[in-house]
Structure formats: C-alpha cells, structure tokens
Amino acid sequence: MLKLILYVWDNFKAYIVLVLLVITSFILLSQNNNPRVQKVRAVAFGSFAAVTSVAYDLFNTTQIKRENDELREINSELMLKISMLREQGIINHELKEMAGFKDTVDLPLIPASIVSKSLSQTQNTLTINAGDRSGIKPGMPVINYQGLIGIIQSTSEDFAIARTLENVDLKLTVKDERSRINGIMKWDGEELIIIDVPKTYDFQLGDRIVTSEISSIIPVPVPVGVVTEKREGKAGILNVIKVEPFAELLNIEHVYVLGIVQSIQKKNLELNFYKDK
Amino acid sequence: MKAKYFIPALIVFPVLLIQLTLVPLISIESVIPDLILITLVYFSILYGQTYGTILGSFYGLVFDLISGSLLGSSMLSKTVAGFSAGYFSSETRREKYLNTYSFALVVFLSSLIDQVIYSFFSALDFNTNILLILFEQALLPSIFTSALSILVVIIPFKRSYN
Numbered sequence: 001m002l003k004l005i006l007y008v009w010d011n012f013k014a015y016i017v018l019v020l021l022v023i024t025s026f027i028l029l030s031q032n033n034n035p036r037v038q039k040v041r042a043v044a045f046g047s048f049a050a051v052t053s054v055a056y057d058l059f060n061t062t063q064i065k066r067e068n069d070e071l072r073e074i075n076s077e078l079m080l081k082i083s084m085l086r087e088q089g090i091i092n093h094e095l096k097e098m099a100g101f102k103d104t105v106d107l108p109l110i111p112a113s114i115v116s117k118s119l120s121q122t123q124n125t126l127t128i129n130a131g132d133r134s135g136i137k138p139g140m141p142v143i144n145y146q147g148l149i150g151i152i153q154s155t156s157e158d159f160a161i162a163r164t165l166e167n168v169d170l171k172l173t174v175k176d177e178r179s180r181i182n183g184i185m186k187w188d189g190e191e192l193i194i195i196d197v198p199k200t201y202d203f204q205l206g207d208r209i210v211t212s213e214i215s216s217i218i219p220v221p222v223p224v225g226v227v228t229e230k231r232e233g234k235a236g237i238l239n240v241i242k243v244e245p246f247a248e249l250l251n252i253e254h255v256y257v258l259g260i261v262q263s264i265q266k267k268n269l270e271l272n273f274y275k276d277k
Numbered sequence: 278m279k280a281k282y283f284i285p286a287l288i289v290f291p292v293l294l295i296q297l298t299l300v301p302l303i304s305i306e307s308v309i310p311d312l313i314l315i316t317l318v319y320f321s322i323l324y325g326q327t328y329g330t331i332l333g334s335f336y337g338l339v340f341d342l343i344s345g346s347l348l349g350s351s352m353l354s355k356t357v358a359g360f361s362a363g364y365f366s367s368e369t370r371r372e373k374y375l376n377t378y379s380f381a382l383v384v385f386l387s388s389l390i391d392q393v394i395y396s397f398f399s400a401l402d403f404n405t406n407i408l409l410i411l412f413e414q415a416l417l418p419s420i421f422t423s424a425l426s427i428l429v430v431i432i433p434f435k436r437s438y439n
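From first to last, the protein sequence lines stand for chains A and B.
Its first residue numbered 1, the first sequence is counted upward by one per residue in our numbering.
Its first residue numbered 278, the second sequence is counted upward by one per residue in our numbering.
Certain hints may be false.
Computed list of lysine-lysine pairs in DSBU-like fashion (alpha-carbon distance at most 35 Å, straight line) [unchecked claim]: (1) B:Lys-373 / A:Lys-13; (2) A:Lys-3 / B:Lys-281; (3) B:Lys-281 / A:Lys-39.
Don't read these hints as lab results, they were simulated from the structure.
Take the sequences, apply the hints, and build the full model.
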C-alpha cells in the first residue's frame, strides 16, 4: 500500500499539489464574507499599506507641480461657484424655513490620500491612508471634487480599501437628476451602465446621474456621471443606459470619505415592515 | 529544504510594492502588466512544476489579501499559471526558456491562462460579451506583461557579456 502511495506521489506529485491548492482556493472563495477572514485581510493590507504609502508618496512627487496648477485653476472656478451658491443658499434657506423644512443634513468629510491602486478591468480597488482611527467604516462613500469614486469595502486601523465604480461587485441605486427616475447602476467589466430600464422611462443623453436617496448605501445625492448612450438590452424588452463617470478614476490621488453609513433607524424600520408581513 | 527556495516567497513583497505603486503609472486604458506573474514564471521554470504551483498559490493569496480583490480568485488563477509555466522546466530546456525570447512566450501563455481564470471568477456575467471580456481582460494584459518580460531576458544577456 505504502509502495503504491509512494508510486502515485512520485509520478503525479505536481497534479496532486495542483488539485489540493485549487480546492483550497475554492474554499477561500466561499469564505469571502467570513468575519474572521475579513479580519485577517484587514491586518494584511493594513501592514502592507503602511509601506506602500511611503513608496507612493516618493513616486508621485513629480506629479505635484502639475497637480498644483490644476488645483489653482479649479480653485478659481470654485471660488466663483461658491459666491454664486452662497447667494442661492441664502435664498434656499429662507424658502426652506418658510416651507417649514428642517435642514438635517450634516455631512462630515474625512480627507485621505491614495496609497495604492489595484487596477483590473473588473475589480478596481484603492487603498487610502485613513481607517478606523479616522472614523471610517465599511459602506461609507468615497468622493472627490468631481463626484463619487466608490465605497469603503474594509478597514484597518490606519488604512481602508475602497471598491471603485469600476468594480463588478459594486451596485448602486442612482437616479436621473432631471426626471427623478431611479435605476440600478453597475460596472459590467467594460462600462458603467444602468440596467433593466423600461423603455418608457425618461433617460435622455446628457442627463446628470446622482446617487438616489432610496439607496441603502448612499442616501444623499452625490454626482456620479452623465448619460452618454441609451440602447436596447439583449432581450429587446428593456433599455441599458451607459453612464460616463465624472471622476477620473485613473488619475485621482486625494479623496474624501463621506462620514455617513446607512441609518440604523431607517434599516430597523424597514426590517420591521418585513417582519409584520 | 534549501534556503534558496524561500527567496522567491520573499521577493513577492517588493514586487507587489512596485505592482501597486509604480505599475499603475504606466497603465494604458486600465491595462497593466503583471510583474507578479513574470516573477512566478521565472521561478517556476527555474525550480520546477510542483514548486511553481505552490509558489503561484502563495503569490495569489498574498495579492488577494493585500489588494482587496475577491479572496481566492488570484490564488486559483496563479496556481494554475504556475503549474502551466512549470511545463517549461526541465534540465535540458531550463536555460533555453530563461535566457532567450522564448521566456516572453511562456509568460504570454501563463498570463493568458491566469487572466482567463481570474476574469471568469471576477466578472462572471452572462449578459456581457465573453469574447470581448477575454480580449480586454485577458489578451491585452497578457501582451503587455509578455512585452515587459523581455526585460528579464535582455538584462541577464547584457550582464553576461560585460
């Protein structure tokens, strides 16, 4: 028996190792949402990100001058926009008070820099140099001055990984800013699309797409992109809307994390509704 | 076990550092070369198929843990890639594949296998055109990786003539 085992091992060693490791990979694939696995992952990427952040800063110093010029230009444009918005804000505030609305929106922004990018056609992720200690939690939106970039996936003490819009695992409820119609947006590996849109829905080319208030992930309107194409789905019954994101995901270096997570009160209320049924 | 077998396992960390910080700067429309795969192919040819399979699995696992991609997806693809690259390892052929431009071809084939499996597990969506996905996510990165791997061949040649 031992001879047979030794014979098989000697002749098929590489295949046996391959099969065992492939099975291990499949087991790991099925354990992705296991809290213990996520904890190990947080420790691993947290430790490595500390090294990466130093290297990333070193390599990116050459881009600082160009970035400064761009920021100066954006600053001037923003200054003009701010003065216009201030005027409109005063009017808006007065109108809201008159209508009896209570402005409860208070959105804390946590600044962070990107320390590494894992670029892939399907699973784009970013590692940022802010984590648990800065108050960042999984599920928080990541934005920059252009718009939405992604969602925090996991955190360690000082770092966090964010899934970008170009990640097949990120699906968001968005709406057309003009027609107020909601839809589910996702990355299909090639482009950002709003899927399963009935043909009667009013999406026009050039419409701005923002996150929807009914989203369980981002319950405030954050700019996402603009509609660039409207085409028939494969089945011919529903439309597919192509969205060009505002944020240039390849070039971003600094981001803000919007310090909001899904309202527990709202979540509990919705769960109660299902329980009653 | 000889200490030289542990060196490739340690090399993955500086390679990953470059992969995640410098390599995105040379990306072309999100297509980037895979330095980890080039390293894997090199050591698979040098030390054999079984070693390449185990090393591929380790490289993939480390990449999954550090990059935030689906845990197990890179591990699976790199395990098979390391196994495939190991086919080109034997006493008689080793030098040929490591020191000539055939190395780029081995890298291309291994990268193609790696990217096809990785794409399959990370972007399984029957609504999208599979051929297009394979072209964009497997063929283009493989060509880029293979082109970059020529450096591995060129640099030792220069050293040997110096």
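Each hint, compared with the structure:
{"no.": "1", "hint": "B:Lys-373 / A:Lys-13", "in the structure": "holds, 25 Å"}
{"no.": "2", "hint": "A:Lys-3 / B:Lys-281", "in the structure": "holds, 31 Å"}
{"no.": "3", "hint": "B:Lys-281 / A:Lys-39", "in the structure": "holds, 32 Å"}
The structure agrees with every numbered hint stated previously.
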